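Peer 1: Sequence:
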Amino acid sequence: MKFVTTLAACVAAVCLLAAPAFAAAPATPAAIYQTQLQPLDGKLESLDRYRGHALVVNFWAPWCGPCRTEVPEFVALQEKYRGSAQFVGVALDEAPAVRAFAKDYGMNYPLYLAGMGGIATMLREGDTRGALPFTVAYDGSGRKVGSITGLASADGLEALLAVAIGSGAVNR
Numbered sequence: 000m001k002f003v004t005t006l007a008a009c010v011a012a013v014c015l016l017a018a019p020a021f022a023a024a025p026a027t028p029a030a031i032y033q034t035q036l037q038p039l040d041g042k043l044e045s046l047d048r049y050r051g052h053a054l055v056v057n058f059w060a061p062w063c064g065p066c067r068t069e070v071p072e073f074v075a076l077q078e079k080y081r082g083s084a085q086f087v088g089v090a091l092d093e094a095p096a097v098r099a100f101a102k103d104y105g106m107n108y109p110l111y112l113a114g115m116g117g118i119a120t121m122l123r124e125g126d127t128r129g130a131l132p133f134t135v136a137y138d139g140s141g142r143k144v145g146s147i148t149g150l151a152s153a154d155g156l157e158a159l160l161a162v163a164i165g166s167g168a169v170n171r
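Position 103 (the sequence shown) corresponds to 102 in numbering that gives the first Met the number 0; numbering is contiguous.
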């Protein structure tokens, strides 16, 4: 728990201090593909493997109440849109807690540990307060088409997916 408290404090501090710099430099199309994240059991890898498909990146934590509420929707939508969209979870916690949560909730999409790459991505994509959950959708070329700060409803997620798969822009 001490790690989680320390991590949350660090995220908040980084968000507050770095927000002006990131706000001044919007993400370029396909920047998401260069993002380096650590899978639960491996070395850093980029999100380039998801190029060509709609991509939904959800920043979350096992200790986050709204995150716990929305995960079943992500699981259901990953199954429904398999082949045309890919969900990815970026967790702000330690691997053992994330693994246990993923098993309990039957998470069927790739999970990564946030680390500094994940935190920088949150900032770059508009979550300058460090709020969780934070969900961002990209079209197949890596262009950000929308985001949801806070609890994502099923309707909100479906709207983001429709835009990501068909292209347009949505922010909630």
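Please keep in mind that the hints were generated in silico from the structure rather than gathered at the bench.
Since we're looking at a predicted model, the values are computed, not measured.
Hints are not guaranteed to be accurate.
[Stated by the list, open to error] Listed next, the in silico SDA-like pairs over lysine to any residue satisfying Cα-Cα at most 25 Å (straight line):
no.	residue 1	residue 2
1	Lys102	Glu44
2	Lys42	Tyr32
3	Lys102	Arg128
4	Lys79	Met106
5	Lys102	Gly139
[As the list claims (entries may be wrong)] Across the chosen pairs, the derived CB separations fall in these ranges:
no.	residue 1	residue 2	range
6	Asp154	Asp40	30 to 36 Å
7	Arg128	Gly51	29 to 35 Å
8	Glu44	Ser152	18 to 24 Å
9	Asp154	Tyr104	28 to 34 Å
10	Leu150	Ala99	19 to 25 Å
11	Gly139	Ala119	28 to 34 Å
12	Pro95	Pro65	21 to 27 Å
From the three backbone atoms N, C-alpha and C, an ideal C-beta is built for every residue, glycine too.
Peer 1: Give a verdict on every hint.
Peer 2: Right, here's what the structure says about each hint:
no.	hint	in the structure
1	Lys102 to Glu44	22 Å, holds
2	Lys42 to Tyr32	16 Å, holds
3	Lys102 to Arg128	29 Å, violated
4	Lys79 to Met106	14 Å, holds
5	Lys102 to Gly139	29 Å, violated
6	Asp154 to Asp40: 30 to 36 Å	34 Å, holds
7	Arg128 to Gly51: 29 to 35 Å	32 Å, holds
8	Glu44 to Ser152: 18 to 24 Å	31 Å, violated
9	Asp154 to Tyr104: 28 to 34 Å	21 Å, violated
10	Leu150 to Ala99: 19 to 25 Å	22 Å, holds
11	Gly139 to Ala119: 28 to 34 Å	23 Å, violated
12	Pro95 to Pro65: 21 to 27 Å	22 Å, holds
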